[in-house]
Amino acid sequence: GEDVEQSLFLSVREGDSSVINCTYTDSSSTYLYWYKQEPGAGLQLLTYIFSNMDMKQDQRLTVLLNKKDKHLSLRIADTQTGDSAIYFCAESPLNTGKLIFGQGTTLQVKP
Amino acid sequence: DSGVTQTPKHLITATGQRVTLRCSPRSGDLSVYWYQQSLDQGLQFLIQYYNGEERAKGNILERFSAQQFPDLHSELNLSSLELGDSALYFCASSVGESGGAEETQYFGPGTRLLVL
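Sequence lines, in order, name chains D and P. Just remember that our numbering sits 2 ahead of the position in the first sequence, which is counted from 1. Just remember that our numbering sits 1374 ahead of the position in the second sequence, which is counted from 1.
Please keep in mind that the hints were generated in silico from the structure rather than gathered at the bench. Worth double-checking, as some hints may not be accurate.
[Unchecked claim] Now the in silico label distances, taken between C-beta atoms and shown as ranges:
hint, chain 1, residue 1, chain 2, residue 2, range
1, D, 29, P, 1416, 19 to 25 Å
2, D, 47, P, 1451, 25 to 31 Å
3, P, 1414, D, 59, 31 to 37 Å
4, P, 1453, D, 59, 34 to 40 Å
5, D, 63, P, 1433, 38 to 44 Å
6, D, 13, P, 1401, 24 to 30 Å
7, P, 1382, D, 29, 23 to 29 Å
[Unchecked claim] As a list, the in silico DMTMM-like pairs of lysine to aspartate or glutamate whose alpha-carbon atoms are at most 25 Å apart:
hint, chain 1, residue 1, chain 2, residue 2
8, P, 1431, D, 28
9, D, 58, P, 1414
10, P, 1431, P, 1403
11, P, 1431, D, 18
12, D, 69, P, 1477
13, D, 38, P, 1445
14, P, 1383, D, 40
15, D, 38, P, 1436
16, D, 38, P, 1477
17, P, 1431, D, 56
18, D, 72, P, 1403
19, D, 38, P, 1375
[As the list claims (entries may be wrong)] Listed below are several chain D residues computed to face chain P (Cβ distance under 7 Å; list not exhaustive):
hint, residue
20, 44
21, 97
22, 98
23, 100
24, 103
25, 105
26, 109
27, 113
Ideal Cβ placement from N, Cα and C applies to all residues, glycine included.
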C-alpha cells in the first residue's frame, strides 16, 4: 500500500538542530522528497533523495534514508525562526507521477 | 516563485454550485497535477495530465473533472459543491510524466475554496 507517516509537531529553540522523521510504505519509491509549507503559502521543494543513497547534505539540511526500515529524516542545523513551517515528506511510487504525502510536521522555533 | 500560476487565489461559493480552477504550468513542463489539501484528508493527489492526456487518477470524486489544453494550461472543474469540498487546491507541474528527481514537481500557490 501507499502510506506516509510523520509526527505532527516539533518544537525547538533557535540555534538548535531539528530532526523531522517520516516512514513510508512503498518500497518501489525511487525518490523521496521534503517540501516546506509556510502559513498561507504553497509547497516549496526543499530537497530530495534517491533511494540508493543513505544521506544527502544541502547546506543546513541533511536527509538520512534507511531503506530497510523505510525511514526518512530531515535534519535542519542551526534552526532559525524563519524555519517555522509545516514540513511534508513525500514518496513517489515507481512509474507514477503522483506524490504521496505525509500529514505534515509543524515545526515551531522558539527564540 | 515556482513559475506555476493558479487563479483565482480565493473562491467563495455556495453548495450546489460549480467552479473552475485554472493552472498554468512552468514554461517547458508537460505534466500538470492537481492536489487537494484539507484538514481531515491532508494533501491528496487528484489527477495528472501529460501533454493533454490523462495519465493518472487518484482520489478524485466523480463530481470533479479536469482537462489540459493544447497550450498546456489546465482547469479543474468542481460541480455540485458540498461543504466538505472546502479546501486548498494545488496545481503542480513537471517536465516528464512518471516521477523522478529530474521530473520534480513544482507547486503553485494554490486556490483556497470555501463552500458555504
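Going through the hints against the structure:
A C-beta distance of roughly 22 Å is found between residue 29 of chain D and residue 1416 of chain P, which places it inside the suggested range of 19 to 25 Å. A hinted range of 25 to 31 Å holds for the C-beta pair residue 47 of chain D and residue 1451 of chain P, which are about 27 Å apart. At roughly 36 Å, the beta-carbon separation of residue 1414 of chain P and residue 59 of chain D lies within the given 31 to 37 Å, and the hint holds. Checked against the given bound of 34 to 40 Å, the beta carbons of residue 1453 of chain P and residue 59 of chain D, roughly 47 Å apart, lie outside it.
Remark: the range hint 38 to 44 Å for residue 63 of chain D to residue 1433 of chain P is contradicted by a beta-carbon distance near 30 Å. Our hint of 24 to 30 Å for residue 13 of chain D and residue 1401 of chain P is violated, since their Cβ atoms are close to 40 Å apart. Range check, residue 1382 of chain P to residue 29 of chain D: Cβ separation about 40 Å, and the 23 to 29 Å hint is violated. Pair hint residue 1431 of chain P plus residue 28 of chain D holds up; C-alpha atoms about 18 Å apart against a cutoff of 25 Å.
Annotation: proposed proximity of residue 58 of chain D to residue 1414 of chain P is violated, straight-line Cα distance about 32 Å (limit 25 Å). In summary, the hint linking residue 1431 of chain P to residue 1403 of chain P is supported, as the alpha carbons are separated by about 19 Å, within the 25 Å threshold. Restraint check: the Cα-Cα separation between residue 1431 of chain P and residue 18 of chain D comes to about 41 Å, which exceeds 25 Å; the hinted pair is violated. Restraint check: the Cα-Cα separation between residue 69 of chain D and residue 1477 of chain P comes to about 22 Å, which is no more than 25 Å; the hinted pair holds.
Among the hinted pairs, residue 38 of chain D with residue 1445 of chain P is inconsistent with the structure: their alpha-carbon atoms are about 29 Å apart, more than 25 Å. For a cut-off of 25 Å, the pair hint linking residue 1383 of chain P to residue 40 of chain D stands: about 16 Å separates their Cα positions. Taken as a hint, the residue 38 of chain D and residue 1436 of chain P pair is broken in the structure, with Cα atoms around 30 Å apart against an allowance of 25 Å. The straight-line distance between the Cα atoms of residue 38 of chain D and residue 1477 of chain P is roughly 18 Å, inside the 25 Å bound, and the hint therefore holds.
Between residue 1431 of chain P and residue 56 of chain D, the direct Cα distance comes to roughly 31 Å. Violation of the 25 Å bound is thereby established for this hinted pair. About 30 Å separates the Cα atoms of residue 72 of chain D and residue 1403 of chain P, which puts this hinted pair outside 25 Å; it is violated. As the CA atoms of residue 38 of chain D and residue 1375 of chain P are separated by approximately 14 Å, the hinted pair is consistent with the 25 Å bound. Interface restraint check: residue 44 of chain D against chain P, minimum CB-CB distance 4 Å, threshold 7 Å, status holds.
Here the hint on residue 97 of chain D is kept, as its CB sits about 5 Å from the closest CB of chain P, short of 7 Å. Among the interface hints, the one on residue 98 of chain D holds; its C-beta lies about 6 Å from the nearest C-beta in chain P, closer than the 7 Å criterion. The restraint placing residue 100 of chain D at the interface with chain P holds, with a minimum CB-CB distance near 4 Å, inside the 7 Å limit. This hint holds: residue 103 of chain D has a C-beta 4 Å from the nearest C-beta of chain P, less than the 7 Å allowed.
Below 7 Å, beta-carbon pairs count as interface contacts, and residue 105 of chain D has one with chain P at about 5 Å; its hint therefore holds. Restraint check, residue 109 of chain D versus chain P: the minimum CB separation of about 17 Å is more than 7 Å; hint violated. Among the interface hints, the one on residue 113 of chain D is violated; its C-beta lies about 28 Å from the nearest C-beta in chain P, farther than the 7 Å criterion.
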